[in-house]
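Given the structure of chain A, go ahead and fit chain B onto it with the hints provided.
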Amino acid sequence: MNGVDEELIKKIPGLPIVMTTAEWAINAGRSNSIWTLTFGLRCCAMEMMATGAPKYDWARFGLEVPSASPRRADMMIVAGTVTKKMEPVIIRLYEQMAEPKYVIAMGACAISGGPFIYDSYSVIKGADKIIPVDIYIPGCPPRPEALLDGIIKLQKKIMKQKFRTVKEHK
Amino acid sequence: MIFTEILDKLKAKHEVLESKEDLGVLNAWVSAKKIKEVIGFLKNDMQFGQLSFVTAVDLMAANNIEMVYRLFSYETKSDVVIKVKLDRAKPEIETITSIFSTADWHERETSEMFGVKFLNHPDPNRLLLPDGIDMPLRKDFKCADMTPLPKV
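Protein sequence lines, in the order shown, are assigned to chains A and B. 30 is the number of the first residue of the first sequence in my numbering; add one for each residue after it. 3 is the number of the first residue of the second sequence in my numbering; add one for each residue after it.
Hint data in this document are derived by calculation from the structure and do not stem from the laboratory. The C-beta atom is built at its ideal place from N, Cα and C for all residues, glycine as well. You can trust all of the hints, since none of them are fake.
Taking lysine to aspartate or glutamate pairs in the EDC-like style, the calculated list, with each CA pair at most 16 Å apart, reads:
hint: 1; chain 1: B; residue 1: Lys92; chain 2: B; residue 2: Glu114
hint: 2; chain 1: A; residue 1: Lys113; chain 2: B; residue 2: Asp136
hint: 3; chain 1: A; residue 1: Lys113; chain 2: B; residue 2: Asp147
hint: 4; chain 1: B; residue 1: Lys119; chain 2: B; residue 2: Asp136
hint: 5; chain 1: B; residue 1: Lys119; chain 2: B; residue 2: Asp106
hint: 6; chain 1: A; residue 1: Lys158; chain 2: B; residue 2: Asp147
hint: 7; chain 1: B; residue 1: Lys119; chain 2: B; residue 2: Asp60
hint: 8; chain 1: B; residue 1: Lys15; chain 2: B; residue 2: Asp47
hint: 9; chain 1: B; residue 1: Lys45; chain 2: B; residue 2: Asp81
hint: 10; chain 1: B; residue 1: Lys141; chain 2: B; residue 2: Glu68
hint: 11; chain 1: B; residue 1: Lys11; chain 2: B; residue 2: Asp47
hint: 12; chain 1: A; residue 1: Lys114; chain 2: B; residue 2: Asp147
hint: 13; chain 1: B; residue 1: Lys119; chain 2: B; residue 2: Asp89
hint: 14; chain 1: A; residue 1: Lys113; chain 2: A; residue 2: Asp157
hint: 15; chain 1: A; residue 1: Lys114; chain 2: B; residue 2: Glu114
hint: 16; chain 1: A; residue 1: Lys191; chain 2: A; residue 2: Glu52
hint: 17; chain 1: A; residue 1: Lys114; chain 2: B; residue 2: Asp133
hint: 18; chain 1: A; residue 1: Lys154; chain 2: B; residue 2: Asp147
hint: 19; chain 1: B; residue 1: Lys92; chain 2: B; residue 2: Glu68
hint: 20; chain 1: B; residue 1: Lys144; chain 2: B; residue 2: Asp60
hint: 21; chain 1: B; residue 1: Lys141; chain 2: B; residue 2: Glu114
hint: 22; chain 1: B; residue 1: Lys35; chain 2: B; residue 2: Glu68
hint: 23; chain 1: A; residue 1: Lys113; chain 2: B; residue 2: Asp133
hint: 24; chain 1: A; residue 1: Lys114; chain 2: B; residue 2: Asp136
hint: 25; chain 1: A; residue 1: Lys84; chain 2: A; residue 2: Glu174
hint: 26; chain 1: B; residue 1: Lys38; chain 2: B; residue 2: Glu17
hint: 27; chain 1: B; residue 1: Lys141; chain 2: A; residue 2: Asp148
hint: 28; chain 1: B; residue 1: Lys85; chain 2: B; residue 2: Glu20
hint: 29; chain 1: B; residue 1: Lys144; chain 2: A; residue 2: Asp148
hint: 30; chain 1: B; residue 1: Lys153; chain 2: A; residue 2: Asp148
hint: 31; chain 1: B; residue 1: Lys13; chain 2: B; residue 2: Glu39
hint: 32; chain 1: B; residue 1: Lys119; chain 2: B; residue 2: Glu96
hint: 33; chain 1: B; residue 1: Lys35; chain 2: B; residue 2: Glu94
Computed list of chain A residues with no C-beta within reach of chain B, every gap over 10 Å:
hint: 34; residue: Asp86
hint: 35; residue: Ser96
hint: 36; residue: Ile159
Just chain A, same shape as in the assembly (with noise of 0.2 Å):
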């Protein structure tokens, strides 16, 4: 099993028994029912959506549920420019999101500001001036293929995780 050293299993031979950490258990059940704030911005959002239906399909990874609260949702994919009017939309979204919680900047204008980083008077030059980010995918906009592998690194970050010091965004 995972998690758990093999000859620790051969000790207890002959019993239907799985056995594994705790932590192990926790990160697994959380990285692999991700549930996600659909929240769209701009184009990204586009592709957000073709990754959600049947041809990408991110409910083969536990993305089941496109969360319409972000009381429900664990991670927030900031598909899009984020705007100087759109900040405090966003931060209050974050913060009612119960923790744990996740980021993923997706696109060029979520990591930078992207195309609009020059003479622009309403963009802010990254998601990450205004909450914490925990996956960058670049592309303008990236193809579902590159959320989903986003997705996955994501679910691996969250395995790595410890179960006593989960992180806390204050």
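Frame of chain A, contents of chain B only:
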């Protein structure tokens, strides 16, 4: 209607300061005081039933803000552009909301983007911009977190 026909009809009733043809569309400059009469005349007497947009252009070199009104007629399938030159230091013009209600939001946007003051506007508040950003479409706009495009 071709543009000379519109120009002749317009000139017969109102003073046209300047005019030119641009891509087959008549551009006519009128004075700021006459804007309500001119737009009203175009709507009521010349069948220009649709106001396509209201916006402005910042002509910094000439120290002018130029208002742009574009109208379209479904009856004659023709366009006309009415322009008004305003003083850049104190741009003020009468609202045309009483003639075209759709001008309401267009004028509010022009007001926040270029700092044009619309007199007698029914709802002179901001439309889209958050507080703290004023007149961003003026050529000399500066803000603290704006990165200028590098010259290469």
